[in-house]
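J.: Just so you know, the protein sequences line up as chains A and B, in that order.
The numbers in the first sequence follow full-length UniProt numbering, run straight up by one, and end at 212.
The numbers in the second sequence follow full-length UniProt numbering, run straight up by one, and end at 674.
Heads up, some of the hints might be wrong.
As the list claims (entries may be wrong) - Think about it this way: if two alpha-carbon atoms lie no more than 20 Å apart in a straight line, the pair counts; the simulated DMTMM-like pairs of lysine to aspartate or glutamate are:
1) Lys32/A x Glu628/B
2) Lys633/B x Glu35/A
3) Lys34/A x Glu628/B
4) Lys633/B x Glu30/A
Stated by the list, open to error - A few chain A residues that don't get close to chain B, going by computed Cβ distances all over 12 Å:
5) Gln56
6) Ala102
7) Asp107
8) Ala114
9) Val132
10) Ser133
11) Glu136
12) Phe140
13) Gly158
14) Asp180
No wet-lab data here; the hints were simulated from the structure.
Keep in mind the model is a prediction, meaning the values are calculated, not measured.
Beta carbons: idealized from backbone N, C-alpha and C, even for Gly.
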Amino acid sequence: MAHTYDFLLKFLITGDSGTGKSCLLHQFVENKFKEGATHTIGVEFGSRIVTIGKNQVKLQIVSCDSAGQERFRSVTRSYYRGAAGALLVYDISNRNSFTSIAKWIADARKLAGADIALMLVGNKLDLEDREVSYLEASRFAQENEMTFLETSALTGEGVEETFLKCGRAILTKIETGQVDPERPGSGIQYGDSSLRRISQKSRPARQKSLCC
Amino acid sequence: MTTTTSTEPPSWPSPTTAGSFSQKSASISRLDLTSSESISTVVPISSPIDPSAQLDIHADPTNHAALDLSFHSTAVNASPQTPHLANSFVTATTTTTTTMLAQLPKPINKNINVPLDLGTDTVHGSSLPPPTTTIVSALTRQLINASNIPIEHSLQASASASASAAARQKEVIQPDRSSFYPSESSRIFGRPSVDSTDHKDTHDQEIVSTSSFSIEDSAIAYTEMDMSMTSPTRHTKSPPTSASSSLTSTGRRRMIAESSMILSGGAGQNAVNLGSGIGGGALSPAWSMTSIPRDISANYCRSGDDSTAPAIAPMDEKLYGLVDRYGFLVEEGRTPTADRKNGQTSTISSSQTSVRGTQEAKKQAKIVAKEQERSLKWARMAKQYTSEANEIEYSFSDHQKFVSRVYKGIPDCWRAAAWSHLITKRSAGFDPNIRQIYHDMLEISSPEEEQIDLDIPRTMHGHIMFRTRFGPGQCALFKVLKAYSNYNNRVGYCQGMASVVATMLTFFDAEKTFVLLAQLFDRYNINELVVPGFPALFEAFFIQEELTKIYAPNVFQALETMGIATPSYASRWYITLYSAGVVPYRTLLRIWDILLLEGFDWLYFMALALLKYHEQTLVLNNFERTMEMLNAKMDIQDDERLLKIARRLFRQAKQTGIVAKLKRTYAAKMKQPA
Numbered sequence: 001m002a003h004t005y006d007f008l009l010k011f012l013i014t015g016d017s018g019t020g021k022s023c024l025l026h027q028f029v030e031n032k033f034k035e036g037a038t039h040t041i042g043v044e045f046g047s048r049i050v051t052i053g054k055n056q057v058k059l060q061i062v063s064c065d066s067a068g069q070e071r072f073r074s075v076t077r078s079y080y081r082g083a084a085g086a087l088l089v090y091d092i093s094n095r096n097s098f099t100s101i102a103k104w105i106a107d108a109r110k111l112a113g114a115d116i117a118l119m120l121v122g123n124k125l126d127l128e129d130r131e132v133s134y135l136e137a138s139r140f141a142q143e144n145e146m147t148f149l150e151t152s153a154l155t156g157e158g159v160e161e162t163f164l165k166c167g168r169a170i171l172t173k174i175e176t177g178q179v180d181p182e183r184p185g186s187g188i189q190y191g192d193s194s195l196r197r198i199s200q201k202s203r204p205a206r207q208k209s210l211c212c
Numbered sequence: 001m002t003t004t005t006s007t008e009p010p011s012w013p014s015p016t017t018a019g020s021f022s023q024k025s026a027s028i029s030r031l032d033l034t035s036s037e038s039i040s041t042v043v044p045i046s047s048p049i050d051p052s053a054q055l056d057i058h059a060d061p062t063n064h065a066a067l068d069l070s071f072h073s074t075a076v077n078a079s080p081q082t083p084h085l086a087n088s089f090v091t092a093t094t095t096t097t098t099t100m101l102a103q104l105p106k107p108i109n110k111n112i113n114v115p116l117d118l119g120t121d122t123v124h125g126s127s128l129p130p131p132t133t134t135i136v137s138a139l140t141r142q143l144i145n146a147s148n149i150p151i152e153h154s155l156q157a158s159a160s161a162s163a164s165a166a167a168r169q170k171e172v173i174q175p176d177r178s179s180f181y182p183s184e185s186s187r188i189f190g191r192p193s194v195d196s197t198d199h200k201d202t203h204d205q206e207i208v209s210t211s212s213f214s215i216e217d218s219a220i221a222y223t224e225m226d227m228s229m230t231s232p233t234r235h236t237k238s239p240p241t242s243a244s245s246s247l248t249s250t251g252r253r254r255m256i257a258e259s260s261m262i263l264s265g266g267a268g269q270n271a272v273n274l275g276s277g278i279g280g281g282a283l284s285p286a287w288s289m290t291s292i293p294r295d296i297s298a299n300y301c302r303s304g305d306d307s308t309a310p311a312i313a314p315m316d317e318k319l320y321g322l323v324d325r326y327g328f329l330v331e332e333g334r335t336p337t338a339d340r341k342n343g344q345t346s347t348i349s350s351s352q353t354s355v356r357g358t359q360e361a362k363k364q365a366k367i368v369a370k371e372q373e374r375s376l377k378w379a380r381m382a383k384q385y386t387s388e389a390n391e392i393e394y395s396f397s398d399h400q401k402f403v404s405r406v407y408k409g410i411p412d413c414w415r416a417a418a419w420s421h422l423i424t425k426r427s428a429g430f431d432p433n434i435r436q437i438y439h440d441m442l443e444i445s446s447p448e449e450e451q452i453d454l455d456i457p458r459t460m461h462g463h464i465m466f467r468t469r470f471g472p473g474q475c476a477l478f479k480v481l482k483a484y485s486n487y488n489n490r491v492g493y494c495q496g497m498a499s500v501v502a503t504m505l506t507f508f509d510a511e512k513t514f515v516l517l518a519q520l521f522d523r524y525n526i527n528e529l530v531v532p533g534f535p536a537l538f539e540a541f542f543i544q545e546e547l548t549k550i551y552a553p554n555v556f557q558a559l560e561t562m563g564i565a566t567p568s569y570a571s572r573w574y575i576t577l578y579s580a581g582v583v584p585y586r587t588l589l590r591i592w593d594i595l596l597l598e599g600f601d602w603l604y605f606m607a608l609a610l611l612k613y614h615e616q617t618l619v620l621n622n623f624e625r626t627m628e629m630l631n632a633k634m635d636i637q638d639d640e641r642l643l644k645i646a647r648r649l650f651r652q653a654k655q656t657g658i659v660a661k662l663k664r665t666y667a668a669k670m671k672q673p674a
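With the sequences and hints as input, model every part of the structure.
T.: Now the structure itself:
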């Protein structure tokens, strides 16, 4: 039997090549580290239902792995549309991947709208040769109005929290009216159980195009 | 994202494993891999001439089927420092195992095609005619060609062993390829070098009867094994089931795994030939790291200098007991259902009932017999010639029979030859200097190196060849990709190419892979698929959608309803030519067989067939399930059905010329201002 949920939130994971995007996704959805990962061409897809506050929230996550290579950005741009939140991932042991975060922010805000909830994620916390300090990244996140967390997709540290935080941020935006879930392409949908509750509202269209 | 190989502790086989295994009188060779000292001295890749290794091959006169291939590095049996080796069975380290497993079986594979397998021995024994002269000679040449053994030696050896007069007639001296790779043969067979510094322990060894081992010996040994394998009388004494039933599951799994490696058309040839791409540092300037200043290149171009060789963690012994017939590691306790059909999978858990085992054995016997029959047909169909690059190649007529046989699936042992033929045939007039270009391109550093380096550890990681960081497989992969990115600036390196190249590398050496890759990408229009902007990719999406509308309206409707756009799943299909874990590997090989025969358009129909194959799931309109299915490795249980669908649609479309029409429509659409 399918699980019911109140909201469906669409997330995007993006960032430079090799920062561990699909491992993060895998760790969150499957609760284990993805052994022998391959670099995915196109997208990877996963979903999980979590409880945020009183709400059952389904997180539908698309990881654009090949966005890491410049030439693929034309293909993967379309995925931004219809995303409620984006995790911008860099590798704490690779300075370059942190430097290009600015580029990813610009892309996300431009393509998904200024309202998109952005999370800065420093992945590979398990590695010892850190090149980006927590303080620096945290400051950078503040300047760009993002939430910041460090994670390890290998050990699972911080992974769950990251997705939950991002989900919470979006729910807050809905509550404060900053985001209108009814707007097409908001990346937010009412789920089955909320449909029953909010009967006065017109039934939102079933899952709209994820991309393109 | 860390690689997992480096952390695994060595695991030595238990005595029971070894005991049960050595009892067998089955058809496969027993590999005794013993290496107790630093790997770098054993691994051919890092040391062109292995100073301490000895390969001891002797055919057991009483049982032709049992052949011991013992590979010793230093002290072995009763050596006090290495008590765990007392039973002289398998201990091996990552690279040793990989290369040995892959190298040794290869000539066997080349010589005898398929006839060796478990529990199916009678089938082979009775159904296989003694090798005809032509096959022997043809296959011997292929063996020589593939393993770079100086030809006169091997031919002699094989001729004397098989006592075939006709084969002897063919004993012409071919241009000696070993001059190009002088140390090749010695590395292949682990011939000890005279000035070895590490022989201190050899006198302790009770096992080693032949401390010096020559190439001729090895070739004879192989041929003898060949004869014993194919001899119709060899199984009269032992019933076919005895081999499998008397073994413990572990032993059996080992056997299967090893026979799988032997059977594997790809892995074997490849690793031997890899030597041509790696290791010969002193011979070819292209491999010497001094000419390549960049760090990334240097990691992949270690050449013979042991001190710089990367530390390779010893591989868990069970790993190579768990590879399927194509060299992919299979998780313990999990039989890949998709691969079970074609037999020769490595995991047969002890919990499975014997009834099931017998059925499976019968099934395998059938498959093997069929493949064997096909191999012989292919052998009759093949014409051998020497290419301009002094490689033994095979050509096939364009007869309808050839086409239909390609559609049926090229036998594993003929796949490399057939692919090479198909690509070369399309590439008439291609740059004749392409081989030299490869070596020139390796000298230049490429701006794509960083990205290539990032992608290599996550390319075909499940394959035993590509597991080891900076191991031979990864090095070859790096070189081909780097050379190609320099060769074709317009394409450079596109993510996804790595798995295409890796797949080719399981069949060809690095140089040959580059040559074929250049031709394939040029003559099959694949460059347009991966060039920035992806023109052919977007065209493919359009054509695929239109074709789906016509041929699979239900699927089209379902995808529309779910709002799943073609690029969200099909980018990977096209860009990697289905090679990045889209379908099981054996299915991929079948797809490529026909791709190389028919050309780019086949890709559209493959996509269509994959959707149609999963139509029942798709029409459920379950968005998540569909997305997960389309973006993961698809479970293809029935290759024949899938390919039948694709072929039928492809034929229909050929008659109506729909693809050409759609291409024109797309071109017109592109010309219109947005």
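J.: Take a quick look at aspartate 107/A and tell me if its Cβ sits farther than 12 Å from every Cβ on chain B, holds or violated.
T.: holds (17 Å)
J.: Using Cβ atoms and 12 Å as the threshold, tell me whether glycine 158/A really stays out of contact range of chain B.
T.: holds (16 Å)
J.: Lysine 633/B and glutamate 35/A were given as a pair; does the straight-line alpha-carbon distance stay at or below 20 Å?
T.: At roughly 15 Å apart (the allowed maximum being 20 Å), glutamate 35/A and lysine 633/B satisfy the hint.
J.: Is the nearest CB of chain B more than 12 Å from the CB of glutamate 136/A?
T.: holds (22 Å)
J.: Does the claim that phenylalanine 140/A lies off the interface hold, with its Cβ farther than 12 Å from every Cβ of chain B?
T.: Since the minimum Cβ distance to chain B is about 23 Å, phenylalanine 140/A lies beyond 12 Å and the statement holds.
J.: Does aspartate 180/A clear chain B by more than 12 Å, comparing its Cβ with all Cβ atoms of that chain?
T.: holds (20 Å)
J.: Would the least Cβ to Cβ distance between alanine 114/A and chain B come out above 12 Å?
T.: Consistent with the label, alanine 114/A stays out of reach of chain B, its closest Cβ about 24 Å off (over 12 Å).
J.: Classify the label on alanine 102/A as holds or violated, using whether its beta-carbon is more than 12 Å from each beta-carbon of chain B.
T.: Consistent with the label, alanine 102/A stays out of reach of chain B, its closest Cβ about 19 Å off (over 12 Å).
J.: Please settle this one: serine 133/A was flagged as non-interface, so is its CB more than 12 Å from every CB on chain B?
T.: Non-interface label on serine 133/A holds, nearest chain B Cβ at 21 Å vs cutoff 12 Å.
J.: Given the hint that lysine 34/A pairs with glutamate 628/B, test it: the Cα-Cα distance must not exceed 20 Å.
T.: holds (16 Å)
J.: For valine 132/A, is the shortest beta carbon distance to chain B beyond 12 Å?
T.: Non-interface label on valine 132/A holds, nearest chain B Cβ at 16 Å vs cutoff 12 Å.
J.: Is the hinted pair lysine 32/A and glutamate 628/B satisfied, with a Cα-Cα distance of at most 20 Å?
T.: Status holds; Cα separation ~17 Å.
Going through the hint list in order, the structure satisfies each hint without exception.
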